[in-house]
Amino acid sequence: MTVEQILKEYSKLLPKRIIEDLKENLPKKISDKKAKEIIEEVVAEYKEMQITPAEGIGIITAESIGEPGTQMTLNTFHFAGVSEMNVTTGLPRIIEIFDGRKDLATPMMNIYLKKPYKEGKDIEKIARKLKETLLEELAKEFYINIADMSVEIQLDQKVLEDIGISNSKVISAIKKSVKGIKVKENNDLIIISKKQETDNLNEIYALKEKLKKVFVAGVKRIKYVLPVKKDGEYVILTSGTNLKDVLELDFVDASRTTSNDIFEIEKVLGIEAAREAIVQEVYKVMQEQGLNVNIRHIMLVADAMCVLGKVEGITRYGIIKEKASVLARASFETPMKQIMQASLMGEVDRLKSVVENVMVNQPVPVGTGLPGLAVKVIKGKIGGYEENKKEKKK
Amino acid sequence: MKKPIKHVLVPEHKKLSEKEKKALLEKFNITIKELPQILKTDPAIQGLNAKEGDIIMIKRNSPTAGESIYYRVVVSSE
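Chains as they are written, first to last, in my numbering: chain D, 18 to 411; chain X, 27 to 104.
Mixed in with the good hints, there may be bad ones.
[To be verified] Lysine-lysine pairs mimicking DSSO-like chemistry, simulated, CA-CA at most 27 Å apart:
id, chain 1, residue 1, chain 2, residue 2
1, D, Lys-29, X, Lys-59
2, D, Lys-132, D, Lys-237
3, X, Lys-59, X, Lys-40
4, D, Lys-246, D, Lys-135
5, X, Lys-59, D, Lys-393
6, D, Lys-284, X, Lys-66
7, X, Lys-40, D, Lys-25
8, D, Lys-261, X, Lys-29
9, D, Lys-261, X, Lys-66
10, X, Lys-85, D, Lys-29
11, X, Lys-40, D, Lys-29
12, X, Lys-45, D, Lys-25
13, D, Lys-369, X, Lys-59
14, D, Lys-211, D, Lys-196
15, X, Lys-29, D, Lys-338
16, D, Lys-261, X, Lys-40
[What the hints assert, rightly or not] The following residues of chain X were derived to be distant from chain D, with all beta-carbon distances above 12 Å:
id, residue
17, Ser-43
18, Lys-45
19, Lys-47
20, Lys-48
21, Arg-98
Bear in mind the hints are in silico, worked out from the structure with no lab data behind them. The beta-carbon is built from N, C-alpha and C at its ideal position, and this holds for glycine as well.
Produce the complete structure using the sequences and hints provided.
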């Protein structure tokens, strides 16, 4: 038997990472007996290192994230040269993620590109293709023709050429997004008038303002783009996110492109991707701040935020709302509201979890408070062992 | 049938058969209600043809264990 075959036998007892480490570090020429002995030792050590059942891991996580949190600085990070693009990091970003906020202060995307483009081919052109282009950026001037009661737009042909769109495409974009207008083309002027004739100048003025905001090309909500070179390939950083539309573009590497908007990831890629994104985003902030928080703590928080199949923040509207106990909810925020609501609904508190048992001065079901895990509790309500068993039989 | 999403953030999702499902619940001594949930409309399970009450096995890439296995039960999205 080779070492690999022996390791395969143990693949159910040990995690993949340890198996790989063993594969690397076991001497090449080793007798089966010796190899087995070593692996047995590793298995015993691994079991020893596992956390004991009924350990209060939540509070360990809370303290492990909370204490370094006090050392975090409030800061936003600016990109050199592009004043419009900045990124929230530090404590505000952590709060943003854990609270499950839907409108981020600085939505951002990291867009990876496919083969010929990631080496820098046409990088400027591609960046411009991604950026949301409004009509006002293409126009030299907007005129109001009072005699004809119309708006005349002079397009900047140079800009149009750079982006690679034609006059007719601009016109069709205008027709698509504004209703009830007539569009004419006259040399390089686009003349727009209302279908119903009007002599109210305010209406024409309102039309002009509306036309300025017409979406012509690019990807909606992508406000700024910045191509940068990262690890030998070009990546486009954007301000503003639109994961769904960007992933559909043909020059984008759809398997690596990400956003920092957790909810968008949940919508496009699913709950597991959202959980992974929470872990990565929080861990990234901690690293930037030079804090040493074990990733296991962040993984636990991310798991707790995603148990229900949708991302929920750690707020009284999020995961706290799901707690079964009235007293536990009341101990978090807005106690009066919680107690009043519970009494109106006739809720019963079974005192099964930690917080409510602390409040009523009883042993908490954590650690030695759960003897039912190790020994048979005859009439014990504390561990709830017997009680649970009966409930399950029903 | 939709293709599964290929993305670094999306781990492998697999639907358990009835037999595997029973074995799992027995192994952990739990009822189906105690499992974490996944919505039926979740983009990652669209190709799996999953119904409510099915269990999805997720093979996560874990930075600590290399690979970890997680289970979620399919629920309706209200």
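Structure-based check of each hint:
1. D/Lys-29 to X/Lys-59: holds (26 Å)
2. D/Lys-132 to D/Lys-237: Holds: D/Lys-132 and D/Lys-237 sit about 25 Å apart, inside 27 Å.
3. X/Lys-59 to X/Lys-40: holds (19 Å)
4. D/Lys-246 to D/Lys-135: Distance of about 9 Å is within 27 Å: holds.
5. X/Lys-59 to D/Lys-393: Distance ~25 Å between X/Lys-59 and D/Lys-393 Cα, so the pair holds.
6. D/Lys-284 to X/Lys-66: holds (12 Å)
7. X/Lys-40 to D/Lys-25: At roughly 22 Å apart (the allowed maximum being 27 Å), D/Lys-25 and X/Lys-40 satisfy the hint.
8. D/Lys-261 to X/Lys-29: OK: D/Lys-261 and X/Lys-29 at ~16 Å, within 27 Å.
9. D/Lys-261 to X/Lys-66: holds (19 Å)
10. X/Lys-85 to D/Lys-29: holds (14 Å)
11. X/Lys-40 to D/Lys-29: Measuring from Cα to Cα gives roughly 19 Å; hence the hint holds.
12. X/Lys-45 to D/Lys-25: holds (24 Å)
13. D/Lys-369 to X/Lys-59: Within the cut-off at roughly 17 Å; holds.
14. D/Lys-211 to D/Lys-196: Holds. D/Lys-211 to D/Lys-196 sits at ~9 Å (cutoff 27 Å).
15. X/Lys-29 to D/Lys-338: violated (36 Å)
16. D/Lys-261 to X/Lys-40: holds (24 Å)
17. Ser-43: holds (19 Å)
18. Lys-45: Holds, because the least Cβ-Cβ distance between X/Lys-45 and chain D comes to about 18 Å, which exceeds 12 Å.
19. Lys-47: holds (17 Å)
20. Lys-48: holds (15 Å)
21. Arg-98: violated (7 Å)
Consistency note: the structure conflicts with the earlier hints numbered 15, 21.
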